[in-house]
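Protein chains in written order, with this note's numbering: chain R, 1 to 316; chain G, 1 to 316.
I should point out that these hints are in silico values taken from the structure, not numbers from a laboratory. Among the hints, erroneous ones may be present.
Covered stretches of chain G, going by a simulated chain R footprint (3 or more residues, C-beta under 8 Å) [said to hold, decoys possible]: (1) 29–43; (2) 94–100; (3) 220–228; (4) 275–283.
Here the structure is a predicted model, which means the values were calculated and not measured. Yeah, the Cβ is synthetic: ideal placement off N, Cα and C, and Gly gets one too.
There are 2 protein chains.
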Amino acid sequence: MQESATTIAIGPDDPAPRLLEKAVVGAGAQLGELADADALIWTGTPREFPATLPSSVRWVQLPAAGIEDFFAADVFAAHPGVEFTSAAGAFSHSVAEHALMLLLAGVRYLPEQLRATSWQQREFFPHVGSLRGKTVTIVGAGGIGRALIPMLTPLGAHVIAVNRSGRPVTGDGVPAGLETLPADQLGRVWSRTDHVVVAAPATAQTRHLIGADELARLKPSSWVINVARGSLIDTDALVEALATGVIGGAGLDVTEPEPLPDGHPLWTLPNAIITPHDSNPPQLRLAAFADHVGANVARYVAGVPLLAVVEPDRGY
Amino acid sequence: MQESATTIAIGPDDPAPRLLEKAVVGAGAQLGELADADALIWTGTPREFPATLPSSVRWVQLPAAGIEDFFAADVFAAHPGVEFTSAAGAFSHSVAEHALMLLLAGVRYLPEQLRATSWQQREFFPHVGSLRGKTVTIVGAGGIGRALIPMLTPLGAHVIAVNRSGRPVTGDGVPAGLETLPADQLGRVWSRTDHVVVAAPATAQTRHLIGADELARLKPSSWVINVARGSLIDTDALVEALATGVIGGAGLDVTEPEPLPDGHPLWTLPNAIITPHDSNPPQLRLAAFADHVGANVARYVAGVPLLAVVEPDRGY
Numbered sequence: 001m002q003e004s005a006t007t008i009a010i011g012p013d014d015p016a017p018r019l020l021e022k023a024v025v026g027a028g029a030q031l032g033e034l035a036d037a038d039a040l041i042w043t044g045t046p047r048e049f050p051a052t053l054p055s056s057v058r059w060v061q062l063p064a065a066g067i068e069d070f071f072a073a074d075v076f077a078a079h080p081g082v083e084f085t086s087a088a089g090a091f092s093h094s095v096a097e098h099a100l101m102l103l104l105a106g107v108r109y110l111p112e113q114l115r116a117t118s119w120q121q122r123e124f125f126p127h128v129g130s131l132r133g134k135t136v137t138i139v140g141a142g143g144i145g146r147a148l149i150p151m152l153t154p155l156g157a158h159v160i161a162v163n164r165s166g167r168p169v170t171g172d173g174v175p176a177g178l179e180t181l182p183a184d185q186l187g188r189v190w191s192r193t194d195h196v197v198v199a200a201p202a203t204a205q206t207r208h209l210i211g212a213d214e215l216a217r218l219k220p221s222s223w224v225i226n227v228a229r230g231s232l233i234d235t236d237a238l239v240e241a242l243a244t245g246v247i248g249g250a251g252l253d254v255t256e257p258e259p260l261p262d263g264h265p266l267w268t269l270p271n272a273i274i275t276p277h278d279s280n281p282p283q284l285r286l287a288a289f290a291d292h293v294g295a296n297v298a299r300y301v302a303g304v305p306l307l308a309v310v311e312p313d314r315g316y
Numbered sequence: 001m002q003e004s005a006t007t008i009a010i011g012p013d014d015p016a017p018r019l020l021e022k023a024v025v026g027a028g029a030q031l032g033e034l035a036d037a038d039a040l041i042w043t044g045t046p047r048e049f050p051a052t053l054p055s056s057v058r059w060v061q062l063p064a065a066g067i068e069d070f071f072a073a074d075v076f077a078a079h080p081g082v083e084f085t086s087a088a089g090a091f092s093h094s095v096a097e098h099a100l101m102l103l104l105a106g107v108r109y110l111p112e113q114l115r116a117t118s119w120q121q122r123e124f125f126p127h128v129g130s131l132r133g134k135t136v137t138i139v140g141a142g143g144i145g146r147a148l149i150p151m152l153t154p155l156g157a158h159v160i161a162v163n164r165s166g167r168p169v170t171g172d173g174v175p176a177g178l179e180t181l182p183a184d185q186l187g188r189v190w191s192r193t194d195h196v197v198v199a200a201p202a203t204a205q206t207r208h209l210i211g212a213d214e215l216a217r218l219k220p221s222s223w224v225i226n227v228a229r230g231s232l233i234d235t236d237a238l239v240e241a242l243a244t245g246v247i248g249g250a251g252l253d254v255t256e257p258e259p260l261p262d263g264h265p266l267w268t269l270p271n272a273i274i275t276p277h278d279s280n281p282p283q284l285r286l287a288a289f290a291d292h293v294g295a296n297v298a299r300y301v302a303g304v305p306l307l308a309v310v311e312p313d314r315g316y
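The shape of chain R in the complex, shown without the other chains (with noise of 0.2 Å):
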């Protein structure tokens, strides 16, 4: 039975040795060298990465979602007979609750009963709102929006999710026959938005994706959050929404510029809630990605297929 086991290396080195190695000795497997491993689970840079595997070596797990460097390293092309998987997805679920709790702190008006130092009950009341019943457009669903849907639903929120193809998104927990629009469809959804959360990828197109329209067409109890990127909203237009009262406000963990100069408006606006782009801190990626290790070596073990399988010929 003993030879039999499974065996993993991990390297270049273990950032979080208990976490990994527990991750992996968890999932049935046993913790070996290189030399002697059916697989890698690989903590380096592209760069970094063996020039040459063992030909034990039949799987490697990357430590990234995004694997662009590695395609530019040629990593999966010198290495033609071995699968790679990637995290991707592995690292949504913090962001997604972070996003959760940007919206949740401004529905209820956290920023001023925060600052409070007074019992101001009747002043708040009529500020306090609720996700019950409010529709929450999601721009972009990918693993983020995805992860955020089944945060949502319970609290009552309807969700409207916008992607590129407008295909239904569907995923653990994500109800069945949810409404999905595609990108070019964006300016229809925003007279039935209550509150939109922005998380989709910064390319092109996504380019100041929220700006002065978008935010006229929103409500005054309106909360904007991002937690994708600075550039998908225009930084001048939300200040301005912001202190007009065009919007209820903003929760942003990503901000354009960043970091965000000491000084910029949005430091002090009472309407706005910044989150130094803090929403998947190191500790919780490690913890985040031992998990996803334990995941993928327990279907390794098992013989059944893994997650986030990096598919070459197709570029992701």
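Got chain R; can you put chain G on it based on the hints?
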């Protein structure tokens, strides 16, 4: 057909005409005067309640979740042939959502981040936590606790419910086999608990349920949330625990005393979030009551059992 439609009266006045009328009509009934009504949606106090009701009235919906005052005013005894329903369960959602907001804001280090006026990513990184994989103990698994459970589980939190009997908590969205402990074994949960949400009724037994001993057994990262009544927590012990880092923080919608006086240390402790008992503000209460009315009118019209039926013989 017209004559056979269910007729509902609303009285003594209608605090939210559009909401309640829409709920009644949307549920398939028609509005009418009390003299012709099959049922009464009561919006007033126990004292104002009619001494006699037309014999056509078979059902009365009361506006409150707690109906002690209607018992005290002998409303049920005076109308033995009438079925009464309370609004029990109707108002839990908003309070549960508020508890979730306070917990997420605490765990993700929002208070400190909201005070910042410069980009402090490195400083904040280690403090941003997640509910994923954490154990949240909900003390009091009545309406609010039951409403909170389905909001927490999609976040990957493990929930332990504590109620009087220890009988397993069930309900919409409550995972089957949820771990439920009787209140007399509360002492056993602290070592396994990451965060606590207090949602139990205020009784002699629950006074200062969370005191210095309980706080000492939590973790330096633990958040304590109270959306029930201030008396369930020993405020002086809590202030001490917050000031000395015995726990991570506290999110309190209720305090003892209440209102919390100006100058109280809870107003300025950096790891205390105070909201002035506004987790269920009037406008959300009315909307929730209208939803409850709509659900019960639809059941009445369909001839199926109503929600939150009062059982005068059993005293609730």
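Hint-by-hint comparison with the structure:
no.	hint	result
1	29–43	violated (count 0)
2	94–100	holds (count 4)
3	220–228	violated (count 0)
4	275–283	holds (count 8)
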